[in-house]
Each structure stands twice: as C-alpha cells, then as structure tokens.
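Chains as they are written, first to last, in the working numbering: chain A, 1 to 199; chain B, 1 to 199.
Note that these hints are calculated values from the structure, not bench results. There may be inaccurate statements among the hints.
[Claimed, not checked] From chain B, some residues computed to sit far from chain A (all C-beta separations above 10 Å): (1) 10; (2) 40; (3) 117; (4) 179.
[Said to hold, decoys possible] Just so you have them, the derived chain B footprint on chain A, three or more residues with Cβ under 8 Å: (5) 24 to 37; (6) 77 to 86.
Beta carbons: idealized from backbone N, C-alpha and C, even for Gly.
The residues making up each chain are set out below.
Number of protein chains: 2
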Amino acid sequence: MACMAAPLERLIEQLEKWPAIGHKSAQRLAFYLLGMNEKNAKDFVNAFCEAREKIHECSICCNLTDKETCPICDDQTRDRHTICVVADPRDVMAIERAREYHGLYHVLHGNLSPMDGVSPEQLRIKELVQRIADEDIEEVIMATNPTVDGEVTASYISKLLQPFEIKVTRLAYGIPVGGDLEYADDVTLRHSLEGRSKM
Amino acid sequence: MACMAAPLERLIEQLEKWPAIGHKSAQRLAFYLLGMNEKNAKDFVNAFCEAREKIHECSICCNLTDKETCPICDDQTRDRHTICVVADPRDVMAIERAREYHGLYHVLHGNLSPMDGVSPEQLRIKELVQRIADEDIEEVIMATNPTVDGEVTASYISKLLQPFEIKVTRLAYGIPVGGDLEYADDVTLRHSLEGRSKM
Numbered sequence: 001m002a003c004m005a006a007p008l009e010r011l012i013e014q015l016e017k018w019p020a021i022g023h024k025s026a027q028r029l030a031f032y033l034l035g036m037n038e039k040n041a042k043d044f045v046n047a048f049c050e051a052r053e054k055i056h057e058c059s060i061c062c063n064l065t066d067k068e069t070c071p072i073c074d075d076q077t078r079d080r081h082t083i084c085v086v087a088d089p090r091d092v093m094a095i096e097r098a099r100e101y102h103g104l105y106h107v108l109h110g111n112l113s114p115m116d117g118v119s120p121e122q123l124r125i126k127e128l129v130q131r132i133a134d135e136d137i138e139e140v141i142m143a144t145n146p147t148v149d150g151e152v153t154a155s156y157i158s159k160l161l162q163p164f165e166i167k168v169t170r171l172a173y174g175i176p177v178g179g180d181l182e183y184a185d186d187v188t189l190r191h192s193l194e195g196r197s198k199m
Numbered sequence: 001m002a003c004m005a006a007p008l009e010r011l012i013e014q015l016e017k018w019p020a021i022g023h024k025s026a027q028r029l030a031f032y033l034l035g036m037n038e039k040n041a042k043d044f045v046n047a048f049c050e051a052r053e054k055i056h057e058c059s060i061c062c063n064l065t066d067k068e069t070c071p072i073c074d075d076q077t078r079d080r081h082t083i084c085v086v087a088d089p090r091d092v093m094a095i096e097r098a099r100e101y102h103g104l105y106h107v108l109h110g111n112l113s114p115m116d117g118v119s120p121e122q123l124r125i126k127e128l129v130q131r132i133a134d135e136d137i138e139e140v141i142m143a144t145n146p147t148v149d150g151e152v153t154a155s156y157i158s159k160l161l162q163p164f165e166i167k168v169t170r171l172a173y174g175i176p177v178g179g180d181l182e183y184a185d186d187v188t189l190r191h192s193l194e195g196r197s198k199m
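Can you build the whole structure from these sequences, using the hints too?
Next comes the structure, spelled out in structure tokens:
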C-alpha cells in the first residue's frame with residue numbers, strides 16, 4: 001500500500017511467512033516490534049541468534065540441546081532399557097509433562113510421507129537402529145502421531161526392528177479424557193471399545 | 001522444563017511477550033525460527049533492524065515513514081484542506097483501503113485515557129493544533145475509535161479546535177454493512193436510527 005513505508009512493508013512480509021501468522025497478525029506484530037524499546041529489541045535479537053547458534057541435535061537421541069548430549073540422555077536415574085520414539089521435540093515435552101514415562105527418547109524429526117516426499121533417509125531412523133544395536137534396549141514405544149503419516153512411520157520402523165527381537169509397542173488409542181463421546185469419531189470409538197479394560 | 005535447552009527456553013520467553021502470542025504459539029514459533037535456513041534468518045533480522053532504524057514519524061502528519069515526510073503528505077493531488085485525525089497508523093491504512101477519502105491525515109499515536117494514564121502531552125495533539133494554525137485547513141474529521149477513550153479524545157480535540165472556527169466532524173455511527181440487526185447493540189441501533197437517510 002502506498003501509505004506504508006517500504007522497510008515496514010518488508011518486515012510485515014517476513015512475519016507473514018511465519019506459521020499461523022496471517023496478514024493482520026503480521027501487521028500487528030510489526031507495529032509492536034517497531035515500538036519495542038531498545039533493550040527489548042536487543043534481547044530478542046540476541047535470543048534469536050543465540051538459539052540458532054547453540055541449539056543442535058543430541059548426539060544420542062537427536063532431541064534439541066545446547067550440549068553434546070541432552071539432559072534426558074545424561075540422566076542416569078532414568079530407565080535406560082526403553083526408548084520412546086517421537087516425531088518432534090515438542091512431543092518429548094508433551095510426554096514429559098504427563099510424568100508417566102521415565103525411559104529414554106528418540107526424536108525422528110518428522111514422519112515418513114510419500115505425499116510430502118519425506119523418505120526414511122531424511123529422518124533419524126538410521127540413528128535409532130544403531131542405538132538398538134549398540135545399547136541394551138528391551139522395549140521401543142512408538143509414539144508418533146495418530147495420523148496416516150504417523151502410522152506409516154510407526155509400522156515402517158517396527159518392521160525394521162523385527163530382527164532385533166525386542167518388544168515394540170504403540171501408544172493406546174481411545175477417547176481423550178474430558179472429551180465428549182458424542183463428538184468422538186467412529187475410528188477412535190472402535191479403538192476405544194477394542195481396547196476396553198476391566199473396571 | 002528440564003528437557004528443554006536454555007537458549008531455546010529464552011527464545012520462547014521472548015516470543016511470549018509479543019501481543020496475542022501465548023505459550024503454545026511461542027513454542028511453535030521458536031521451533032520454526034530454529035529450523036529456518038540461514039538466508040531466511042538473516043533476511044528476517046535485517047528487516048527487523050532496518051525497520052527499527054529507518055522508520056520514524058512524518059514531520060507533518062506523524063504517520064510512520066522512512067522519509068522526512070510520508071507519501072500522503074507529499075502527494076500534491078490530494079485535498080490539502082481536510083485532515084482526518086486517527087489514533088494509529090493502522091487506521092490510516094484502513095481508511096485508505098476504503099478509497100473514499102482523499103484528504104490528509106494526522107496520527108495521534110494513541111487515545112486519551114485517564115485509566116491508562118495517557119494525557120494530552122503524550123499524543124501528537126500539539127502538532128495537530130500547530131498544523132491547523134499554519135495550514136489552510138477547512139475541515140477536521142475525527143476518526144478515533146468508537147470507544148470510550150476514542151470518544152473522549154475526539155471531544156477533547158474538537159473543543160481545542162473551537163477557536164479556529166473550522167468545521168470539525170465525526171465518522172457516522174450505524175450498523176456495519178453485512179452485519180446482522182439481531183446482534184447489533186442498542187447504542188449502535190439508536191445511532192443508526194438517528195442518522196437514518198432518505199432512500
């Protein structure tokens with residue numbers, strides 16, 4: 001728009017590329033960033049650059065860390081015979097929040113997806129297989145998302161691990177706690193009935 | 001959380017301060033920013049720093065610009081006898097989008113608000129009065145928001161401009177186009193009836 005200065009327009013264009021940020025949000029954010037005081041602006045740029053510089057993948061589980069290995073892999077009190085396989089570092093955080101699991105993790109950094117052209121070489125599957133060959137692992141829990149891509153990834157890896165003769169399990173499907181039966185989809189309800197347990 | 005690296009946590013903390021960005025959105029944005037390629041990251045930091053360096057207020061209308069004066073004040077084809085007074089640079093964009101107004105603007109950079117401690121000295125009111133004293137202005141359109149603060153600001157300025165004996169007008173109130181009468185509030189409907197026009 002002719003009434004907007006070019007540097008401001010460029011900043012809005014940049015922010016529009018961000019996930020879940022539309023044109024209106026990008027505008028609001030740009031004005032906020034312009035109005036920030038000098039210290040806050042510096043703090044933000046520093047945090048941005050520092051995170052990009054220092055954060056990389058843990059050399060064991062491929063979760064994100066600023067050390068050689070991540071705090072979970074370093075924690076000797078955790079069960080070192082179980083690996084929970086997730087697609088994304090955020091899934092590690094979600095499972096940690098549940099405070100139910102005390103084993104190790106392996107982060108794939110994505111799901112297999114022929115549609116989006118994601119092949120096994122692009123995920124940290126090789127690293128997982130290597131760990132199972134090297135470490136004393138008894139169980140691998142497949143905790144990829146309950147989506148088509150997540151299922152494909154879980155079953156691909158579970159086949160790959162067959163030669164090791166270890167237990168490979170999958171997270172239970174069912175109705176979410178606090179959810180409403182009326183709105184549960186057929187497939188979830190079917191899984192929920194199949195997996196019913198004695199009270 | 002123990003499973004997250006400190007630099008990542010700091011980046012999330014920074015993003016959480018942004019308007020309308022909650023914890024979950026800040027997390028998602030932080031992971032996106034980490035995963036950006038080097039060129040995109042540089043483009044963003046450059047756009048951010050350039051906008052903050054170069055953007056300042058137009059010396060005439062106080063809208064944001066990277067030049068001494070803004071494109072609207074420079075545009076000699078516009079009606080130079082009318083000033084539309086708005087609270088925010090985004091309001092200039094909104095009115096320009098309507099393509100109905102062809103005069104000049106004046107951006108106050110806020111509304112008077114005793115509640116939030118915003119007094120006349122913090123707004124660009126002095127600059128507006130100076131313009132009306134210096135320039136050949138025939139009409140001032142008060143286009144502050146139809147909120148309590150916007151109303152207070154509009155009536156404060158309109159009183160201030162009385163000595164100049166120019167026309168001071170206010171945007172019309174009424175039902176928004178495409179809106180639903182059923183959901184219109186009483187005050188809007190009352191204004192809409194009062195302001196009815198012949199068909």
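The hints, checked one at a time:
A cut-off of 10 Å between C-beta atoms contradicts the statement that residue 10 (chain B) is not in contact with chain A; the least separation is 5 Å. Against chain A, the non-interface label of residue 40 (chain B) is violated: not every CB pair exceeds 10 Å, the least being about 7 Å. With a minimum CB-CB distance of about 17 Å to chain A, residue 117 (chain B) clears the 10 Å threshold, and the non-interface call stands. The beta carbon of residue 179 (chain B) sits about 19 Å from the closest Cβ of chain A, which is more than 10 Å, so the claim that it is off the interface holds.
Requiring three or more residues with a Cβ within less than 8 Å of a Cβ of chain B, the coverage given for the segment 24 to 37 of chain A holds, as 10 such residues are present. Counting residues of the segment 77 to 86 of chain A whose CB falls under 8 Å from any CB of chain B gives 0; the rule of at least 3 is not met.
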